[in-house]
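Asks: Chain by chain, the residues:
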Amino acid sequence: MQGNEACAEGALAAGLRFYAGYPITPSTEIAEILSWRLPQVGGKFIQMEDELGSLAAVLGASIGGLKSTTATSGPGFSLMQENIGFAAAAEIPCVIVNVQRAGPSTGQPTSPAQGDVMQARWGTHGDHPIIALAPSSVRETFDLTIRAFNLSEKYRTPVILLMDEVVAHMRESIILPQPGEIEVVERPSPTIDPSAYLAFDNSIDVPPLASFGEGYRYHITGLFHDEAGFPTQRLDEINPWFERLFHKIERNRADIIRVQEELTSDADIVLVSYGASARSARHAMRIAREQGQQVGLLKLLTLWPFPEESVDRLAGRVKKFIVPEMNRGQIVLEVERVVRGRAEVRGVSRVDGELILPAQIEKALED
Amino acid sequence: MMEERIPVTYKYLRLHKKFPSVWCPGCGIGIVFNALIRAIDRSGLKKDEVAFVSGIGCSGRMPVYGDFDSLHVTHGRALAFATGLKLAKPDIEVITVMGDGDALAIGGNHFIHAARRNMDITAIIVNNSIYGMTGGQYSPTTPTGAKATTAMYGDVEQPFDVANLAVVAGAAFVARGAVYYAFELERLIEQAIRKKGFALVEVISHCHIHYGKMNGMPEAIDMLKWQKENTISRSQAEKEGGAGGKIIRGVLVDRSLPGYVEQYDKIIAQAQQRLGRAR
Ligand SMILES: Cc1ncc(C[n+]2csc(CCOP(=O)(O)OP(=O)(O)O)c2C)c(N)n1
Ligand code: SF4
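Chains as they are written, first to last, in our numbering: chain Z, 1 to 367; chain D, 1001 to 1279.
Because the hints were derived from the structure by calculation, they are not lab data.
Where a beta carbon is used, it is the ideal one built from N, C-alpha and C, also for glycine.
The hints are all genuine.
Partial list, computed: chain Z residues near chain D (C-beta under 7 Å):
{"id": "1", "residue": "PRO39"}
{"id": "2", "residue": "GLN40"}
{"id": "3", "residue": "GLY42"}
{"id": "4", "residue": "LYS44"}
{"id": "5", "residue": "ALA56"}
{"id": "6", "residue": "ALA57"}
{"id": "7", "residue": "VAL58"}
{"id": "8", "residue": "GLY60"}
{"id": "9", "residue": "GLY64"}
{"id": "10", "residue": "ASN83"}
{"id": "11", "residue": "GLY215"}
{"id": "12", "residue": "ILE220"}
{"id": "13", "residue": "PHE230"}
Just chain D, with the same shape it has in the complex (with noise of 0.2 Å):
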């Protein structure tokens, strides 16, 4: 009877290897990490069809505690090393876990055109608007205003909204999870894997070590709250007739478009045709 109750996340972290984590205690990554974790376990896949692939941030820490081929790069460049392994190995399910600061400030670059190719990788950014790892500074999702230690008069730039970006980037799916609504997530990451192209879930998690203590939000529990109050799932705002101002979870693009690997194989095939017939 025991048995049951362990979660069946265990089956799937170097438990005596790396724990406890780099992460602070109530620190959204960890939710983020669980969600993936039970998404991959619900979308049927084995530990050797995996690929953990991230840059550096707190976000990037998450790799080194699932128990799959995992890798850590320089920051910001997950998605272009990720890019190279969906093509080496294209039976391999590449996920890779990036931070905002990660994802769209120096790997900008990279997640829009990683989008625009389409190519063959789920991608989840834990965006907590502000750079933890380094100490809070702000980051291209901090909201205009809001303080951060490199912005202690409040932030004069406009955020990016990711999930959009991804849209018109050229992403094949394209989804905004909360680290409140943590069973929503891990259904929403499980779409992301089930799906073919490039598929990004866009977190709205939470550093309130950083963030939340200089913007009135000292405790974990506050965040939340705010992720509770200031988003709306997609058919609630449909059933409201708007958002109300709210961030809007869910699904927002799940579109079918010819993907870099698969155009990539019919290359090869056409190549080695004509190869053939000039011999």
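If we strip away everything but chain Z, and leave its shape as in the complex, we get (with noise of 0.2 Å):
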């Protein structure tokens, strides 16, 4: 199976019933597969005139209650960003697959790159928190692509799945769970009186979503808003606002992060890598192990929030940190930032829309 379908699979699998998108490359299988494969399920698909209509059109099925997606690479991701950050602030669920391509601008469309990474985090105005997840293998992009759903449906987010296209095009024999061993989150709607019903209740962290003809009644808007969800200028109900947009992330990093960790409790230099460069640097690790380097790798699954609790863990410890990523070095800064001073930080880039190979990786060991 290929990067992409296991992202649809994972994605129908976690109950997605809605997907607009506009096509672009690397990331356009996802959208021919599920224009296929969602009206088997019942679901809706619909190719929209751009990519700003196309998360618009996610984000009002999403309030008509539907699990939705869409995918898009680059200049696409650009275009969605001011949506993504409505999304945010009207905390309506849905999640956004960017399949990274070599850029700026239209850049080179079959090549892969990692440059998203900040974009992804940074890339709306104003601020809010936002989660984002990277896939390194076939079978991780459909565990990923599930857990995007989930986690943005339990905590009313926007999650960003942040593909590359080495990912994206591989193709590799997996074998997927069963639907009964699948966990799949469903969003908390409400079951209070409508009348008492608040969209934006600050006294929960995530307060239930009720989707709209259900008798709820009420309003969402961009502007900053009091609980039941009008517009306000009001400080005292701002402020409680921003601080729970926050917390409902903040609070629950435990359970929104993932990392996985090889090799790392003995080891001198710590590899921290994800997408596909976390598979070169796996090799550049086992690579230099056979000849005696005491060489870890902390894999980053999710990259949003930044997973600062293992970087820090580690930083007490190990003498080096290298940070491969295709791109001119932005996990790296994360990383740098962690470990204030504790340790060496270097990063390993590449921009060139070449994968980064386990070579490059073991010169950096080397050096």
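Join the two chains into one complex using the hints; note that each chain is given alone, in its own frame.
Replies: Set out below in structure tokens:
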């Protein structure tokens, strides 16, 4: 199975019922597969006129009660930023798949890159939390897609699945879990009397979300709003809302963040990597171990919120962190921030549209 | 007896919540909103069967005041949000309210495509020929030569004919009304709501605060008079053998075309049938 196919199937396994998108390489297969598969499960597909409309339609469908997603790549992801911010502010669950491609601009559509890590975090205007996940294999794509939906519904927040071209187009034989083995989370829906319903109740981390048409008759806006959803300029209404918006993610870091550690317990050097470059990092680690170097791997499955806890714990013990990534250095900045000089931090980067190969990492290990 | 004097619109307002409104005294948007509420009442729809979607602008603030599910989205994207909502909840009457800048400049692409798909949405465009909320810049409907804060020498661009744009894009129903003719407007909106498919009502409205002030019509009444003198109903125009250069009000197109919602239901049936056969 191909990575993009695993993403489409994972989405369906998570309960996807609506897709709106605009084609762009290397994400296109996701749209193609879902246009075929969604009607089979009674879901709906629409090819919109652009990416702005795509995410808008996704959010409209989500408010209508359907699990919804869109898939895009670099330039399309940039176009979606305004509505990603809307989804965060209005707390509308949705999953945005960005199969990263080399950039800037139209860049190199068929080449791999990991250049949108910071865009995923800071691409929108203003302050809001975000969740972003990064798979490095076909099976992981399937699993993390489901996880993206689950986190999105659980925390009423947009979740970004940051893939890369290598993982998206790679084929691996995998055995998919049986439907019964898959944990599927549904958004909490309100049970109280509609007249007492507060869609943005600040006394609960994640207030239940009513679908339109169910009788709750409430208001949603991208403006600063009060607990009922109406625009407000009162500081005593704005501040508690902002606090909750961040708290609902920060207080649940342990639930949201996932990393994989390999051979880190005795390591002097830890490779921190994610997505396709984590595969090369793992290979480089094996070779280095064979040569007697004590190298470990910290693979990040959650990129945002950044897994500070894991890096912080290792920072006290190891001499050096090496961060291979297909960009000019994005996650390496986060590692530096957390390490705060307690160990050496080095990036291994590549931005010419070619995968970082194990040899490039081995060389960094030798230096 | 007192009760009879309470206007029907009160039943549908979020009265104790959000009034007074954000609109300037005398603005046409309030009249459009009233006509819209009365049209909903006439159509017999229950509150829970209606959802309002709007973009950004003075016109886009309407949904706050009506007691319906309401969604106030990003500038220009109301029809795209509405498209997703309609597909998720086909039984809800989805009504979008937009300004001319919202619907036709930043949202122009969504507008022509929603009409082309014949997406079953009622779209109301409050055409005041200006960007009201941002303070009177020219919009895609500003008449050539008219002044705006970004066209102090007069606008050099040609305006869109909003209703005709919807006709050629493929809308099932297109009508044009004017704020001055509020009861006619109410009936046009009612027809649009009852129509299956993409139904547009363009409403000639006024922003006396910005457009009026800069173009020699500083009071709301001046602009209403302008509407009275410069528009003509379709039936009157037919009687007179021409519009005489005036803007035509009334239903411009009412046709039956296949729409995305029903067509896609057929796709689902077909896909499931094939899948059933394959199994
Ligand atoms: C992406 C984006 N660009 C610009 C704006 C600023 N803006 C707010 S309302 C508006 C235009 C309003 O004019 P119109 O849509 O005609 O509605 P009116 O206020 O006249 O009812 C603009 C440009 C915005 N909110 N978002
Ligand atoms: S600025 Fe113009 S359009 Fe906006 S409320 Fe005032 S009069 Fe109406």
